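Hints are included, so try docking the two chains, each in its own frame, into the full complex.
Residue-level listing of the chains:
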Amino acid sequence: MEFFIQILIAAVVMGTPLLFATLGGVISERAGVINLGMEGLMLVGALVAFVVMLNTGSYFYAVAAAAFASGIVSMIHGVVCLMLRASQIASGLALTFFGAGLSGLFGDKLMGETVEPLSRIPIPGLHAIPVLGPVLFNQDALVYFSYLCVVLSWWMLFKTRLGLNIRSMGEAPEVCDSLGLSVLGYRFFAVTVGGMLIGIGGAYFPLALTPFWVDGITAGRGWIAVALVIFAFWDPVKALGGAYLFGLALALELRLQILGIDISPYFLKMLPFVLTILVLTLVTIRNNRRGIQVMPAALGKVFFRGEKH
Amino acid sequence: MQIFLEKRDNTSSWSRVIVLAAALLLVLFISFLFFLAVGIEPIAAYKIVGEEIFLTKYGWQDLLVKMTPLMFTGLAVALAAQMRQWNIGAEGQFHMGTFAMTWVALHFDGKLPVGMLIVLMFIMAMIGGGLWGSVPGFLKARFGVNEIITSLLLNYVAAAWIDHLLFGAWRDPGSNNFPITKEFSVAAQLPTFGNTSIHAGLILAFIFAAIVAWILWKTQLGFKIRLTGDNPDAARYAGVNIRTLTILVFAASGAIAGLAGFSEVAGIHYRLQQNISIGYGYTGIIVAWLARNHPLGVVLSAFFMSIVFVSTEVLQIEYGLPISMVYLYQGIILFTVLGSDIFTEYRLRITRFLV
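Heads up: the protein sequence lines correspond to chains U and G, in order.
All residue numbers for the first sequence refer to our numbering, where the first residue is 1 and numbers rise by one.
All residue numbers for the second sequence refer to our numbering, where the first residue is 1001 and numbers rise by one.
In isolation and in its complexed conformation, chain G is listed as follows (with noise of 0.2 Å):
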């Protein structure tokens, strides 16, 4: 008997459909297996965790809230990756993005017109977290330094940064010693849409994923974008200038991962803070690769990672698990769907005779 592989004649976009489907139910069998391990039964929990997410209302506002920076943190990611770039550092560039609006809002609140504080700190976001992304673009285009190693570095040295701030001069006098700066003003802060949580982050959210996919399909630089991560040496004989494209590539991806980070501190937080982001930086390389790096596809990927955050916090809440138990289902999730990737070109054969 031989198991081996064989080419598919054709590949639909069904099969892909259908490949992820099958891998998503294995996720949902590998965590069913998980919670007999742990001595929770399984289908008690889902039904906790379906109800709690998709039956309440809080459930449905918590959802579209963690999707927001998600979507900012994927759409960041998926941009570098159109150009084969890996930006693994959409962590750092958030927290950067924080400070730069932080300093904004700690030095000029009050100062200026009404509605221009809040659009500053949106710019200085993209700034902190566009220069921030644009160290490993740099490196890279200059030097050829792997932009895999050197962006993901960067992430521990922003957050030394901000642990630097928090407990030294950016910390609230009157925090009680908490590693938190003071409280926003009104004129920093997103608005909300009526009594929930949702904020108007979630709005840009969705305009930025329509302006990245109109850059990538619409524009001239999108096409060099997408020409570069296709084929680099017909890219280069086209005269596409490689290097400027991946500091400016960088750039705007580590600028839109600075904007998660605004969305964070001026849609909820209103303050600077330790752990604002759980991860949301590296869970945008797998919102990134589920969307198989397309920006509209970013917005569906980023709503199911936010139902395994969601699913996280209703488990810790119900069952007492950590929340760090995220990470785990992310890494099941990725190796799943990565695992699962062939049999949308080759499928499986089973046969008892020597080919």
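With the rest of the complex left out, here is chain U (with noise of 0.2 Å):
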């Protein structure tokens, strides 16, 4: 009982960056602009929030600077996709050199520097709860950042104006600019607030996850992610069932060789990546089957203003 709870706690804390980065793909996604570019997001996020840890040592900043600096970045890809009218998919693809070119760059000197990582922080009264309590209230400040940042982006994609705008980008771009709503400026919007999310993910390596610089450090979760916005059908909610299932299979992963289960580490380095397939497929599978059909109607597709397509 005792290691199911440890591997649940686990998978909580290795779903987060997940989860982060799901939600701002959810955001950026309702509005019609694909980002496929979140594992370079995620690695400026992570460069960033380690370099700021290092010379001020205050969480918060790192976080802040993480985000501030991602959603520079993803502005970079919303200036190209969007007033460019360049692809979203190439345009993304470029976004993940850039943030791994980035990274890699600044962070050959930082290798080997560590970071005090993130404590937990016990919710008094909730965390008394059997297996929830340790499982969801025993856990850093981020986690339960993120717990926030789901209800947010759900309330506020579904509840706000701002939302029913933004989601409307996703789904008849043409109509919303008739009804005189700025297309390029919600999705602008979209992908910089979702870019900042990402980005928060991505910061929660070096600050929580691996509290020292290795290249890389996040290790193609960036890409997970970008599934997973599909299996959780662009709804934050379902993206935090998704990250965390993911985030069971990354737990199991470490705690598989702990347990003496005699598996070649390397293959539980596939076990993700592989979930992720099958799972996609499921849901593709499902979904064709079902005739659902859930993707924002305009996703991916150039808009331009007076011009028929």
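I should point out that these hints are in silico values taken from the structure, not numbers from a laboratory.
Nothing here was measured: the structure is a model prediction, and the numbers come from that model.
Take the hints with a grain of salt, since some may be wrong.
[Claimed, not checked] Derived EDC-like pairs: lysine to aspartate or glutamate, alpha-carbon spacing no greater than 20 Å straight-line:
id	chain 1	residue 1	chain 2	residue 2
1	U	K109	U	D215
2	G	K1182	G	D1230
3	U	K301	G	D1230
4	U	K109	G	E1313
5	U	K301	G	E1345
[Stated by the list, open to error] Simulated coverage check for chain U against chain G, where a stretch passes if three residues somewhere in it have a Cβ under 8 Å from a Cβ of chain G:
id	stretch
6	80-94
7	226-240
8	276-289
We put the CB at the ideal spot given by N, CA and C, even for glycine.
Right, dumping it as structure tokens:
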């Protein structure tokens, strides 16, 4: 039982960066903009958070700087694919290169440096609940912040005028345009806010998961998050479940070895990626069978005012 | 005052060339700023890089050596892209190619007639890369699963598989625990030109560029591929079996990417080890994009991206900048080229009056 709880705790911890990134992806894609550059944005977030943490010792500044920097970088994506109307897919890939290069270049001198990882803060009262208490309410501050982000992004997307407009941009930008809403403005906003969340997801790596710098610290999790956005049906609440499910797979990767189960560590390393492919396939089959169209209708499509497509 | 984009009356190929040249100048300018930012005298850096690459024999050699895998991976991505399919898994297909050929080299060395070993390795690299590439193709064709995500995720699986072998069964006992296989015998090595490091893989890459171009424009298969890319509905109406074609194209694309692995291992390293690909599979995406997915254009753009790789090497040696800077450059190049594309069709107009 104790071991079981330990795994669940680890699942939440490992799932948290995925959760931030998936939320960011959901907001961006709801507005109709694919962001394939998640891996790159997470690396930028991780790098900036680590550097700021080293220099100021403040987790708050580290996270804020990570969000700011990845917001700025995702604006490049916005400029290229929204204003200059390039392929969102290609621009996202450019973002991946860019982020990997930036973190590799400036991270080179940081190898071997360490920071103090975030400590756990038990929430009074709630942490004593059996199972749920230690798993959900005895975590670090960023995990709690991720809960808040789930609620806020759900509320923003589905309960506010802003969210309605953002979602409309992903479904029928021409209609929005004819109603006098700025497609460019809303999409830019969504890409930037989404990029900030993705960057915070990246910040979680050096601040909590691996409190020292390694090259390519995010290890492909950004790409898992790209798939998770689909798996979560573009819904922040479902993103929570999806992120923790994959967090569980990542937690198992660590724990199975401790249990002494004789599997090559390299097979365990494959596990989350193979699982992602399997789940993505199952979700796609399910959607095809039921004829569900959950994907934002205008996702990935170039919109330019005054031109018919 | 208003700034807006106005559609050009006609888009000539000249405007494409000029816009591309402007984009690449912009990249040079960005790197100028970058050099200033990291405290390097930019003009001196350009001079050193230019001299090292173009004025030395070693520089030219290196350009052609680095160009070889980029041509293969660029062709792989371009072939799939002709059908409007994104194969961004060339990195993994590269690795599975090296896996399959190394298996042959380790198990059949000395057991085959002269010359057969390298041929078998060549075939196995294509099969290894091809099978790996056909997975996202199959998932796309059969279930409609997004091929971008699956092909990319498989890169991580392939890399872990290679590590599994290098840290396990295939590790050379005499390697002092380094994760490398034993060196292949001469029968498993591609010939080199004279005493340079340029190897027969370069010739193979040119042959494959020609083959891909021939298939695309001179065969019915190529017509089907391009038709499906341009207009899937028309292709379906014309009786093209898109499912089969998708799997086939992904397999062929993967096979070509596998050959990049073959040429690197059999042409340069003569053994399987880590980091044989320094992102060649990913760079293939940019190579194909710059070439607008034209196989012959791939030759030029692979050469160009090779300059980027070798420049980074020079900067690493001269200024101690990390090699991962090459990704930064690739990102900047792709962003710039993508962002400039619009100006081939539109021109920027600034007017003082509202229109």
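Hints breached by this structure: 2
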